[in-house]
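Top to bottom, those sequences are chains P and R. Numbering-wise (the UniProt record's numbering), the first sequence opens with residue 1 and increments by one. Numbering-wise (the UniProt record's numbering), the second sequence opens with residue 1 and increments by one.
Take these hints with a grain of salt, some might be off.
Derived pair list, reagent style EDC-like, types lysine to aspartate or glutamate, alpha-carbon separation capped at 20 Å [stated by the list, open to error]:
hint, chain 1, residue 1, chain 2, residue 2
1, P, LYS257, R, GLU177
2, R, LYS428, P, GLU348
3, R, LYS134, P, ASP326
In case anyone wonders, no lab produced these hints; they're calculated from the structure. Predicted model, so just to flag it, every value in this text is computed and none were measured.
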Amino acid sequence: MEMETIKEKLTQMHGYKLHVIETDKYKTNTLVWRMKAPLAKEDVTLRALLPQVMQSSTAKYSTTTTLRSFMDDLYGATLFVDLAKKGEYHIISFLIEIANEKFLSDPSPLLKKGFELLAEILTNPNVTENGFDQETLEKEKRTLKQRIQSVYDDKMRYSNVRLIEEMCKGEPYALQVNGEAEDVEKITAENLYEYYKKAFSEDEMDLFVVGDVKEEEVKEIASELLQFEERSPKIAPEHDIQKRSEVNEVKEEQDVKQGKLNIGYRTNIVYGDPDYFALQVFNGIFGGFSHSKLFINVREKASLAYYAASRLESHKGLMMVMSGIDIKNFDQAVRIINEQMEAMKKGEFTDEELLQTKAVIRNQILETLDTSRGLLEILYHNVVAGTKIKIDEWLTEMEKTTRDEILKIAGKIDLDTIYFLTGSEAGE
Amino acid sequence: MEQITFDQLKEELFHEKMANGLEVYILPKKGFNKTYATFTTKYGSVDNTFVPFGKSEFVKVPDGIAHFLEHKLFEKEDGDVFQQFSKQGASANAFTSFTRTAYLFSSTADVEKNLETLIDFVQSPYFSEKTVEKEKGIIGQEITMYDDNPDWRLYFGLIQNLYQNHPVRIDIAGTIESISHITKDWLYECYNTFYHPSNMLLFIVGPVDPEKIMNQVRENQAKKDYKDMPEIKRKFDEEPANAAEKKQVLQMNVQTSKCLVGIKALHVDQSGPEMLKNELTMNLMLDLLFGKSSNHYYELYNDGLVDDSFSFDYTQEQGFGFAMVGGDTTNPDELAERIEKILLSAKTKGSFTEEQLDRAKKKKIGAFLRAVNSPEYIANQFTRYAFNDMDLFDVVPTLEGISLSDVESLAGEVISEERFSVCQVVPKNK
Numbered sequence: 001m002e003m004e005t006i007k008e009k010l011t012q013m014h015g016y017k018l019h020v021i022e023t024d025k026y027k028t029n030t031l032v033w034r035m036k037a038p039l040a041k042e043d044v045t046l047r048a049l050l051p052q053v054m055q056s057s058t059a060k061y062s063t064t065t066t067l068r069s070f071m072d073d074l075y076g077a078t079l080f081v082d083l084a085k086k087g088e089y090h091i092i093s094f095l096i097e098i099a100n101e102k103f104l105s106d107p108s109p110l111l112k113k114g115f116e117l118l119a120e121i122l123t124n125p126n127v128t129e130n131g132f133d134q135e136t137l138e139k140e141k142r143t144l145k146q147r148i149q150s151v152y153d154d155k156m157r158y159s160n161v162r163l164i165e166e167m168c169k170g171e172p173y174a175l176q177v178n179g180e181a182e183d184v185e186k187i188t189a190e191n192l193y194e195y196y197k198k199a200f201s202e203d204e205m206d207l208f209v210v211g212d213v214k215e216e217e218v219k220e221i222a223s224e225l226l227q228f229e230e231r232s233p234k235i236a237p238e239h240d241i242q243k244r245s246e247v248n249e250v251k252e253e254q255d256v257k258q259g260k261l262n263i264g265y266r267t268n269i270v271y272g273d274p275d276y277f278a279l280q281v282f283n284g285i286f287g288g289f290s291h292s293k294l295f296i297n298v299r300e301k302a303s304l305a306y307y308a309a310s311r312l313e314s315h316k317g318l319m320m321v322m323s324g325i326d327i328k329n330f331d332q333a334v335r336i337i338n339e340q341m342e343a344m345k346k347g348e349f350t351d352e353e354l355l356q357t358k359a360v361i362r363n364q365i366l367e368t369l370d371t372s373r374g375l376l377e378i379l380y381h382n383v384v385a386g387t388k389i390k391i392d393e394w395l396t397e398m399e400k401t402t403r404d405e406i407l408k409i410a411g412k413i414d415l416d417t418i419y420f421l422t423g424s425e426a427g428e
Numbered sequence: 001m002e003q004i005t006f007d008q009l010k011e012e013l014f015h016e017k018m019a020n021g022l023e024v025y026i027l028p029k030k031g032f033n034k035t036y037a038t039f040t041t042k043y044g045s046v047d048n049t050f051v052p053f054g055k056s057e058f059v060k061v062p063d064g065i066a067h068f069l070e071h072k073l074f075e076k077e078d079g080d081v082f083q084q085f086s087k088q089g090a091s092a093n094a095f096t097s098f099t100r101t102a103y104l105f106s107s108t109a110d111v112e113k114n115l116e117t118l119i120d121f122v123q124s125p126y127f128s129e130k131t132v133e134k135e136k137g138i139i140g141q142e143i144t145m146y147d148d149n150p151d152w153r154l155y156f157g158l159i160q161n162l163y164q165n166h167p168v169r170i171d172i173a174g175t176i177e178s179i180s181h182i183t184k185d186w187l188y189e190c191y192n193t194f195y196h197p198s199n200m201l202l203f204i205v206g207p208v209d210p211e212k213i214m215n216q217v218r219e220n221q222a223k224k225d226y227k228d229m230p231e232i233k234r235k236f237d238e239e240p241a242n243a244a245e246k247k248q249v250l251q252m253n254v255q256t257s258k259c260l261v262g263i264k265a266l267h268v269d270q271s272g273p274e275m276l277k278n279e280l281t282m283n284l285m286l287d288l289l290f291g292k293s294s295n296h297y298y299e300l301y302n303d304g305l306v307d308d309s310f311s312f313d314y315t316q317e318q319g320f321g322f323a324m325v326g327g328d329t330t331n332p333d334e335l336a337e338r339i340e341k342i343l344l345s346a347k348t349k350g351s352f353t354e355e356q357l358d359r360a361k362k363k364k365i366g367a368f369l370r371a372v373n374s375p376e377y378i379a380n381q382f383t384r385y386a387f388n389d390m391d392l393f394d395v396v397p398t399l400e401g402i403s404l405s406d407v408e409s410l411a412g413e414v415i416s417e418e419r420f421s422v423c424q425v426v427p428k429n430k
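With the rest of the complex left out, here is chain P (with noise of 0.2 Å):
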């Protein structure tokens, strides 16, 4: 079956630039409003708290009570605040779906309350003299040490953020996507609403329309609301990534029945370089499906783990494999995933695993452009790389990939770090 074919228009407007994507999948709208910035210790939380405090409430709508009142008199619209890091960058983002009038009983128009609801959040924020309102920056303040602290209770995305802090010392990509807690504390309502500023006339904006919409229709709205200072894009500073001389072990002890084992590789290819597509067939080999060789050989043969996986920074260049494994199985475990890398750079994979593979990234990508959320993300790649990649390029390219390409990605990819959180009975 042939994929519908995405247009993505686009506008530079003023201070952002409009993508909208016309479609009638769907029987909401969705409003996706993005900022990037490179990744900074200075800034991070401010950062991480700036959307909380600016989704909490409004100038117009001064307390969270009214704010969803009025969300939920709109057919239950609903505001999400995201973080992300995406390469060495910081990436906030404001996410508005809101039905489409066509479907309910009600005819009045929903879209253009939409774009209120978010100039309204994006433009006029509860300010009393030069800073946020007090009351909302001490709640959101209060949430976000407890977001931070909460990392440590989930311990698989607590070793995830672990093997990342440890292999990535010294480089922005270290720090966490809600900042640190001690910093929170230095946040006042005056300093947030100095750099709430500074975003609005720095970060490189993005907003994505998806939905049943007109080009014309979004873009006239838009241009009403939604107007800012011309900016160029910072650029994060490139960095030097030395080879280690010998792979970082690092062994972290907790009250844990299972142990964590992540082990970080570097892969030396970011979306946009010519052999990026290529590398996704390599981590579609090794470990990022169901018929892959870390689940094949970790869970099925051996019977170490119930998930053994690896996945893909796209532009950090960074390759993940994670896995829960009983904590004195370590060692085993460890060869057995040394030994499918080994396999991969010796060529042992065959011509079925490659097509295999092929034909899996294929559906999974045609599948993640089936969602409106999923679609942007595919887009935002070309904005945070700056290329101008299609998506139907990305699966042509992807499936000339040869065996020689996949041999010529297994040897720039480099073991980087190994961490496990393991049990007090370790070595037992």
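Please build the complex by placing chain R on the supplied structure of chain P, with the hints as guidance.
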């Protein structure tokens, strides 16, 4: 083949009951790349005491066996079905809940081939002692993973507080000890009892031609020889109406405390439109009390008792049901007390207004539209509703028909201190 049209939603549903009793539903979705199909049996972790197919006495099976069977069904004499699906560019999965076991795939090509694989693998079990033993290591790690997960422990801890006898209190995956008793013979016994087509539902959603797909399923089923199935006999012990335990505190390796308050449901013998209305009314009530636009949420947040992990949920199935409210907190005891007080306040007439109810209904209607963007939601929820004789597409009209007095009378009945229970996770050595 019967065709049902939903004008407001602009959707069409195709249905046919096969000669062997299998219910098949197809919902075409134009513009989507993906086809998603679920093949579900009405058999979950709670079905642990039953009369096996061809026998006359009740047996009790080891805890976790429905889930174990789900894992093992993927393995065949000539290898793993996961492999088969990925060769056909599909991704396959399965899950076991309290009342259902579902097998599924999604794919953007070769839909017919993948559908054939799905139906055939679920309908041709192959269990051997060797592969059963091997699976114990894998599921053992799945169980240990959940043991370290404080949210899962909190959730199950609360169910165990609420239910004294009903098997809903048993962890879906069982324990390392209980799964050690599972044999291939037990698996066949469960399979033969619960995987008859007349106990199953197939749902396909995606850019498909319903006529063609229905023909394919019909032909596939006609080739297989199924004898008529006698009615499945399940047994559940008497369960008191009140909560079994008032409170449980779990000490774990966490930094943040967690607290959940539960209410044991009433009317768990319901099915059909009555159940749908009850469950939606309960959801509206919880939203009125604890939703982000409620004053209670504002106060709890302002007082530093909850953060954005705060949530609430209601579950109702044949024979059991519970509402749960809570999340991460700095003060689990005070949060429990406040939630209970808020719940009890809902018994007072006049605690909700028409305006609030209208708003809550609008919010739910919008949430339903958002949900039906998702093929996964449609297939999984439609199946759950159908197993309870409800219709997913009745949600909006039923919501519209719920009045303030419906909410008030449900609150008056179901909210009662004897049915409350609290479960907390707190940091060790504190």
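Pair hint outcome, P:LYS257 versus R:GLU177 [Cα-Cα no greater than 20 Å]
Since the Cα atoms of P:LYS257 and R:GLU177 sit roughly 15 Å apart, the hinted pair holds (cutoff 20 Å).
Mind checking the alpha carbons of R:LYS428 and P:GLU348 for me, to see if they're no more than 20 Å apart?
violated (48 Å)
Decide if the proposed pair is consistent with the structure: R:LYS134 and P:ASP326, CA atoms, cutoff 20 Å inclusive.
This hinted pair holds, its Cα atoms lying about 15 Å apart.
The structure is inconsistent with hint 2 alone, although it conforms to all the rest.
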